[in-house]
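Student: Here's the letter readout for the chains.
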Amino acid sequence: MCYKTIIAGALAAAAYTLPAHAQVSDDVLKIGVLTDMAGVAADITGKGSVVAAEMAVEEFSSTVLGKPIQIISADHQHKADIGASIARKWLDVENVDAIADIPNSAVALAIQNLAREKKRIALFSGAGSTALTNDQCSPYGFHWTYDTYSVSHGTASAVVKAGGASWFMLASDYAFGHQLAKDAGDVVKASGGDVLGEVLHPLGTADFSSFLLQAQSSGAKVIGIANAGADTVNAIKQAGEFGIVEQGQSLAALILFLQDVHSLGLAVAKGTYLTTASYWDIDDQSRVWSEKFKSRTGMMPSMVHAGVYGSVLHYLKAVEKAGTDDAGKVAAAIRELPINDAFTHDAHVREDGRVLRDMYLARVKEPSASKGEWDYFEIVSKIPAADTVWPLDKSTCPLVKK
Amino acid sequence: MFELIGIPPQALFGQLLLGVINGAFYAMLSLGLAIIFGLLNIINFAHGAQYMLGALVSWMLLDYLGGSYWWALLLAPVTVGVSGVILERVLISRLYHLDHLYGLLLTFGLALIIQGLARNYYGISGLPYAIPPELSGGQNLGFMFLPNYRGWVVIASLVVCLATWFVIEKTRFGAYLRAATENPTLVGAFGINVPRMITLTYGFGVALAAFAGVLAAPIYSVNPNMGADIIIVVFAVVVIGGMGSILGSIVTGFGLGIVEGLARVFYPEGSAMMIFVIMAIVLLVKPTGLFGRTA
Chain A
1 MCYKTIIAGA
11 LAAAAYTLPA
21 HAQVSDDVLK
31 IGVLTDMAGV
41 AADITGKGSV
51 VAAEMAVEEF
61 SSTVLGKPIQ
71 IISADHQHKA
81 DIGASIARKW
91 LDVENVDAIA
101 DIPNSAVALA
111 IQNLAREKKR
121 IALFSGAGST
131 ALTNDQCSPY
141 GFHWTYDTYS
151 VSHGTASAVV
161 KAGGASWFML
171 ASDYAFGHQL
181 AKDAGDVVKA
191 SGGDVLGEVL
201 HPLGTADFSS
211 FLLQAQSSGA
221 KVIGIANAGA
231 DTVNAIKQAG
241 EFGIVEQGQS
251 LAALILFLQD
261 VHSLGLAVAK
271 GTYLTTASYW
281 DIDDQSRVWS
291 EKFKSRTGMM
301 PSMVHAGVYG
311 SVLHYLKAVE
321 KAGTDDAGKV
331 AAAIRELPIN
341 DAFTHDAHVR
351 EDGRVLRDMY
361 LARVKEPSAS
371 KGEWDYFEIV
381 SKIPAADTVW
391 PLDKSTCPLV
401 KK
Chain B
1 MFELIGIPPQ
11 ALFGQLLLGV
21 INGAFYAMLS
31 LGLAIIFGLL
41 NIINFAHGAQ
51 YMLGALVSWM
61 LLDYLGGSYW
71 WALLLAPVTV
81 GVSGVILERV
91 LISRLYHLDH
101 LYGLLLTFGL
111 ALIIQGLARN
121 YYGISGLPYA
131 IPPELSGGQN
141 LGFMFLPNYR
151 GWVVIASLVV
161 CLATWFVIEK
171 TRFGAYLRAA
181 TENPTLVGAF
191 GINVPRMITL
201 TYGFGVALAA
211 FAGVLAAPIY
221 SVNPNMGADI
231 IIVVFAVVVI
241 GGMGSILGSI
251 VTGFGLGIVE
261 GLARVFYPEG
271 SAMMIFVIMA
281 IVLLVKPTGL
291 FGRTA
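Chains A and B supply the protein sequences, listed in that same order.
Going by full-length UniProt numbering, the residue at position 139 of the first sequence is 139; the numbering climbs one at a time, nothing skipped.
Going by full-length UniProt numbering, the residue at position 162 of the second sequence is 162; the numbering climbs one at a time, nothing skipped.
A hint or two may mislead.
[To be verified] Simulated restraints on C-beta separations:
(1) B:277 x A:247: 32 to 38 Å
(2) A:70 x B:117: 29 to 35 Å
(3) A:60 x B:120: 29 to 35 Å
(4) A:70 x B:277: 48 to 54 Å
[Unchecked claim] Here are some chain A residues the structure puts well away from chain B; computed CB gaps all over 10 Å:
(5) 85
(6) 205
(7) 329
Derived by calculation from the structure, the hints in this document are not laboratory data.
Beta carbons are placed, not taken as given, at the ideal position from N, Cα and C, and that holds for glycine.
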């Protein structure tokens with residue numbers, strides 16, 4: 001009897017301790033990059049996001065806790081139902097442990113709910129909705145790169161401080177544009193400036209001249225451009241044509257990516273202010289990583305690409321620290337570990353799931369100041385992390401203790 | 001200072017002028033569609049993609065060969081027009097004996113393929129194309145700052161539209177074309193090579209789209225979807241003007257450009273749907289369109 005008890009005890013102890021060495025379900029750690037392969041965000045996310053995730057995995061020599069790491073990817077086509085059914089299949093059938101990138105706020109919110117329900121990790125880099133860390137926050141969801149608050153607040157407050165006190169908002173007529181214009185307008189007013197007027201344009205407008213003329217005749221010093229993608233490109237291109245910058249007004253793009261500037265060309269985009277979470281030409285580390293990324297994709301990374309890389313790398317570190325792929329333990333480790341990668345230094349995750357990192361206020365260079373392709377941004381100043389995130393005391397996230 | 005319908009006259013004139021410029025693109029694109037529909041009875045859904053190709057070829061000429069805007073203005077319509085000729089010979093000509101719907105589906109499929117290929121090779125964000133130095137800068141007209149390039153767009157498109165109208169309505173070749181539209185068999189019996197005329201007409205319609213694309217490249221974002229965005233509006237313009245009516249498409253193109261321009265001042269949120277509201281009303285009141293012949 002005594003003998004049997006010892007055996008049973010030993011077995012129980014073995015059962016308890018053995019899996020702790022490598023508790024990875026189904027013997028492979030799978031990360032799904034759910035992204036936009038062909039739509040409006042395909043250049044700032046898309047294939048580049050998949051490459052970025054793979055580069056993070058390579059830093060781990062493709063194994064964690066002795067098990068292989070696998071990256072899979074899919075195109076959600078900007079449709080919440082398609083995105084959700086891909087994710088459901090990933091989580092239910094293919095045992096995907098974490099989903100990364102997820103541009104488009106509608107898709108991102110669908111995934112946030114699904115991942116919460118299924119208890120898996122979601123790492124948002126391409127999405128910009130502040131709802132992800134407010135009403136819709138999740139213990140398993142992490143908002144990595146930017147949101148409408150961070151990009152508009154950084155730019156607006158910096159531009160007002162630089163003397164651009166009167167604004168005219170050119171906003172696209174849907175939730176995203178309204179939010180950007182409102183966030184930026186609030187900051188302008190809080191910083192002592194004034195918003196003289198606003199015009200809402202339909203999504204997907206080709207000709208902005210009429211709206212630009214209204215902005216011009218408002219007499220505002222700064223025209224805030226609260227839209228995205230081709231709309232932003234068209235608005236800035238035509239502002240250049242109408243000589244708006246030459247005549248003393250300046251442009252502030254509330255969200256502008258490196259690839260947008262590449263598309264515009266410096267002659268047109270010069271002088272535009274923007275906020276970015278990362279830039280390839282910050283230091284040696286970011287330059288080395290970005291050159292490697294460029295050799296595989298033909299372009300320098302957007303801040304979303306850098307975010308996907310950072311979020312996947314941090315996730316792997318968290319899995320290693322937790323010693324398991326169990327989402328609850330990994331989420332705790334994600335919150336605990338400091339975030340360090342080629343673009344990020346000593347950032348951390350806040351209780352609502354938002355990553356707190358310094359961002360940069362940048363200005364698009366004059367063509368004569370650019371040393372070559374992709375040399376587009378002049379970093380004007382660093383924006384402290386606290387100024388780039390929704391204040392916790394206004395948070396509506398149930399995870400935030402008040 | 002007096003005001004006209006709530007805004008100062010300066011601002012109103014400015015907006016009217018911008019409407020004309022915007023209308024120039026609608027006019028050129030709907031003209032090509034009207035010609036193609038008039039003669040081939042094909043609803044050319046690839047028109048937007050061919051407009052995009054015009055802009056893309058200009059970019060390629062500049063980027064790969066260093067060719068200027070002026071070369072592009074000549075070479076891009078020719079290149080894209082020739083691709084249209086090949087398309088007509090190889091694919092579209094097989095559908096003439098079938099219902100309209102098949103032509104629409106074929107050209108729609110072609111548009112998706114062309115856009116998909118462009119996206120695959122050149123990305124979605126667009127390509128930079130600068131205004132030619134000869135046309136940069138602008139004139140202060142007192143009521144607005146008119147970029148020289150916009151002035152050029154209006155002149156170029158008016159010349160092209162009127163020349164096309166003149167050729168079709170006033171010349172012997174145009175008479176053949178119009179006759180072939182009415183009764184191809186009879187015109188063929190007079191010894192005129194109708195299939196070749198049809199092929200060239202399609203090529204010309206496509207070249208018009210590409211010409212509009214070159215004109216658009218310096219001011220609009222050059223990206224694979226630029227045609228998909230504008231083509232729906234242009235179809236509405238063609239329907240309002242009357243399917244197949246040459247003069248109708250030109251007049252309606254400019255007219256609707258002006259209406260849309262004014263909507264952008266008085267009700268900017270609704271400016272994108274203004275044209276479709278007008279289309280619905282026209283279809284209710286005069287289903288053949290403003291300039292259409294009664295069937």
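Student: Against this structure, judge whether each hint is valid.
Tutor: These are the hints, each one checked on the structure:
1. B:277 x A:247: 32 to 38 Å: With a Cβ separation near 35 Å, residue 277 of chain B and residue 247 of chain A satisfy 32 to 38 Å, so the hint holds.
2. A:70 x B:117: 29 to 35 Å: holds (30 Å)
3. A:60 x B:120: 29 to 35 Å: Holds: the Cβ-Cβ distance is about 31 Å, inside 29 to 35 Å.
4. A:70 x B:277: 48 to 54 Å: Since the Cβ atoms of residue 70 of chain A and residue 277 of chain B sit about 52 Å apart, the hinted range of 48 to 54 Å holds.
5. 85: holds (23 Å)
6. 205: Its Cβ does come within 10 Å of chain B, the nearest being 7 Å, so this is violated.
7. 329: holds (39 Å)
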